[in-house]
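**Q** One-letter residues, chain by chain:
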Amino acid sequence: MRSILTIARRELSTYFVSPLAYLILAVFLLVVGLSFCLNLIAFANECLIYGSNPYFQQQLNVNEQVVRPLFGGFVPVFLLILFPAITMRLLPEEKRQGTAELILTSPISSTQIVLGKYLGALVVSLVMLGGSLAFIGVLAKVSQPDLRTVASLYLGVFLLGASFLAIGLCLSAFTDNQVLAYVMSVGTLLVLWFLSGVSKSNSLNQSLGEKATGFLANLSVIEHFPDFTKGVVDTQHVAYYLSIIVFSLFVAQRVVDSHRWR
Amino acid sequence: MIEVQDLRKNFGERMALDGISFRVEKGEILGFLGPNGAGKTTTMRILTGFMPPTSGKAMVAGFDVMLRPREVKKRIGYLPEHPPLYKEMTVQSYLGFVARIKGVAGRQIRSSVGSALERCGLLEVAGRLIQNLSKGYQQRVGIAQAIVHSPEVMVLDEPTVGLDPRQILKIRNLIRSFRGEKTVILSTHIIPEVEKLCDRVAIINEGRIAALDDRARIGSTLEIVERVSVQFAPLAQPLKGRLELLEGVRSVIQEDGAPNRFLVEAQVGSEISRRIFERAMEERWPLAEVTPLRPTLEEVFLKLTGEERGVLS
Chain A
1 MRSILTIARR ELSTYFVSPL AYLILAVFLL VVGLSFCLNL IAFANECLIY GSNPYFQQQL
61 NVNEQVVRPL FGGFVPVFLL ILFPAITMRL LPEEKRQGTA ELILTSPISS TQIVLGKYLG
121 ALVVSLVMLG GSLAFIGVLA KVSQPDLRTV ASLYLGVFLL GASFLAIGLC LSAFTDNQVL
181 AYVMSVGTLL VLWFLSGVSK SNSLNQSLGE KATGFLANLS VIEHFPDFTK GVVDTQHVAY
241 YLSIIVFSLF VAQRVVDSHR WR
Chain B
1 MIEVQDLRKN FGERMALDGI SFRVEKGEIL GFLGPNGAGK TTTMRILTGF MPPTSGKAMV
61 AGFDVMLRPR EVKKRIGYLP EHPPLYKEMT VQSYLGFVAR IKGVAGRQIR SSVGSALERC
121 GLLEVAGRLI QNLSKGYQQR VGIAQAIVHS PEVMVLDEPT VGLDPRQILK IRNLIRSFRG
181 EKTVILSTHI IPEVEKLCDR VAIINEGRIA ALDDRARIGS TLEIVERVSV QFAPLAQPLK
241 GRLELLEGVR SVIQEDGAPN RFLVEAQVGS EISRRIFERA MEERWPLAEV TPLRPTLEEV
301 FLKLTGEERG VLS
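Chains A and B supply the protein sequences, listed in that same order. The first sequence: position 117 = 117 (this note's numbering), numbered continuously. The second sequence: position 187 = 187 (this note's numbering), numbered continuously.
Some clues are possibly wrong.
[Claimed, not checked] A few chain A residues facing chain B, derived, Cβ under 7 Å:
#1 Ser-3
#2 Arg-10
#3 Val-17
#4 Ala-21
#5 Glu-93
#6 Pro-107
#7 Ser-110
#8 Thr-111
#9 Ser-220
#10 Ser-243
[Claimed, not checked] With a Cα cut of at most 30 Å, we get these calculated DSSO-like pairs of lysine-lysine:
#11 B:Lys-135 - A:Lys-95
#12 B:Lys-196 - B:Lys-26
#13 A:Lys-200 - A:Lys-211
#14 B:Lys-170 - B:Lys-196
#15 B:Lys-57 - A:Lys-95
#16 B:Lys-170 - B:Lys-240
#17 B:Lys-240 - B:Lys-303
#18 B:Lys-240 - A:Lys-95
#19 A:Lys-200 - A:Lys-230
#20 B:Lys-240 - B:Lys-74
#21 B:Lys-74 - A:Lys-95
#22 A:Lys-230 - A:Lys-141
No lab work stands behind these hints, which were simulated from the structure alone. Glycine included, each C-beta is placed from N, C-alpha and C at the ideal position.
All chains, full assembly: derive it from the sequences and hints.
**A** This is the structure we're talking about:
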């Protein structure tokens, strides 16, 4: 455990001495903040216009109109683009600057290396999400968002991001080229994403059978996300993301370990 | 302290190590001398647990590298050919990181880092980023990282490559200070380095150990020719021809600027010194001096790794 934390701490310090982490953080908070701001203003206007009308008043819901869009819509796409940039350097950088020779000749296991690196990246994503809590804070000042929905939303987006990071780390183990690692990660995530469309295609449903397309769609990273934004925490979805994470980290560990035995 | 038996390593079709065996006793400095691509780095990588051998056995401090890699790794300090530095870190925090992953106990990290800094002359740059240091200092950080956990064994892959002469001197003094205390294997292709630093020398070529002996003896055990320098008192007689007639003599060369000094090369085992003495007694040569010459390490090295061998094999 101590070795894992040592590796994670070093990763973190590297992220925060380079501009990359700050850049990712800034872009994320800027874009999410902007969309939050627009949604909030629109919601406030609607409240002003329709607030006095009892019929429309029932339709106005801060959770539906401000909280959900915070991480709904484009944010998963955004993570798909940003997170591989966090993971792309994790393992390739060690090989490139020769520090793999230090790490792999130290009395620590491949599992500890992989978990340490993953933990480091995970903390960066937590800082990102943590920063966005400020928006919720603002909202809580002027309105009463349902905190359970907020919690479920954050859990969902955390799990989604954690899966992206695990997949990115796993693919970065296969190469010593950061650009390649990034492109492979984005590509894989896109494929996993668009699997959700499979079950919606009639011709595919007919040729493959609905069971097969349903199975493929269930593999999609995005299929399991929307429920969280509705405030529903379904164990099925949690289990899906956890299995993605465990599987990816397992593969990453095998690949790192194989470097020792080549 | 280190024992290697019949180590072999193949990279696909290419054979990198072809049955290497050697021993290093505690406190000794062993030098690996060999041309690039001879198998020095591969041997070191196997010893440090970076890669496995295809076959053979390697023991470090009583532990098998294959079976107990963790125990071995705790006891080895390794400086790879390119020092493994996280350049965005400061020297101090980098060494702290290495100490932690090498398993140094929490409260000893400070003192371990401190003594590594002091020993490698890094105290004045402890707070600086590694990327801003000169190559010589970076190399010293590399050595500091190899000693920070007080290993019993140190493996140094070309520790002075790419440094200026003054820096080389400092690094050599540092390595020399490990003699008797730590067991050191270092590789190099610089011959004077071996002569200055090592107790024993292993010449590696094409994945084999071509020669392994004490630094002083490596020449004599591997004599390719017997060579003697002969000095006569000044005289007019042409003795060069007489020397050439001796049994086993291959060539006699008059040395430059010394009309009475000759360099005699003879076949191995011809005991040329004794023969010269005997003939000199019989024929009353005015012999002043007979000095057997040992081949230099450089000659041995070139002979063992050079083209001649390639042609023969």
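**Q** Would you mind marking each hint as holding or not holding in the structure?
**A** Hint check:
1. Ser-3: With a closest approach of 6 Å, the Ser-3 of chain A hint holds.
2. Arg-10: holds (5 Å)
3. Val-17: holds (5 Å)
4. Ala-21: violated (12 Å)
5. Glu-93: violated (9 Å)
6. Pro-107: With a minimum Cβ separation of about 4 Å from chain B (threshold 7 Å), the hint on Pro-107 of chain A holds.
7. Ser-110: Check failed: Cβ of Ser-110 of chain A comes no nearer than 11 Å to chain B, outside 7 Å.
8. Thr-111: violated (13 Å)
9. Ser-220: Violated, because the Cβ-Cβ distance from Ser-220 of chain A to chain B comes to roughly 37 Å (cut-off 7 Å).
10. Ser-243: violated (30 Å)
11. B:Lys-135 - A:Lys-95: holds (20 Å)
12. B:Lys-196 - B:Lys-26: At roughly 19 Å apart (the allowed maximum being 30 Å), Lys-26 of chain B and Lys-196 of chain B satisfy the hint.
13. A:Lys-200 - A:Lys-211: holds (12 Å)
14. B:Lys-170 - B:Lys-196: holds (13 Å)
15. B:Lys-57 - A:Lys-95: OK: Lys-57 of chain B and Lys-95 of chain A at ~27 Å, within 30 Å.
16. B:Lys-170 - B:Lys-240: violated (48 Å)
17. B:Lys-240 - B:Lys-303: Given pair Lys-240 of chain B, Lys-303 of chain B holds - Cα atoms ~27 Å apart, limit 30 Å.
18. B:Lys-240 - A:Lys-95: violated (63 Å)
19. A:Lys-200 - A:Lys-230: This hinted pair holds, its Cα atoms lying about 22 Å apart.
20. B:Lys-240 - B:Lys-74: The hint is violated at about 63 Å.
21. B:Lys-74 - A:Lys-95: With a Cα-Cα distance of about 22 Å, the restraint between Lys-74 of chain B and Lys-95 of chain A holds, given a limit of 30 Å.
22. A:Lys-230 - A:Lys-141: holds (22 Å)
Taken one by one, the earlier hints fail for this structure at numbers 4, 5, 7, 8, 9, 10, 16, 18 and 20, listed in ascending order.
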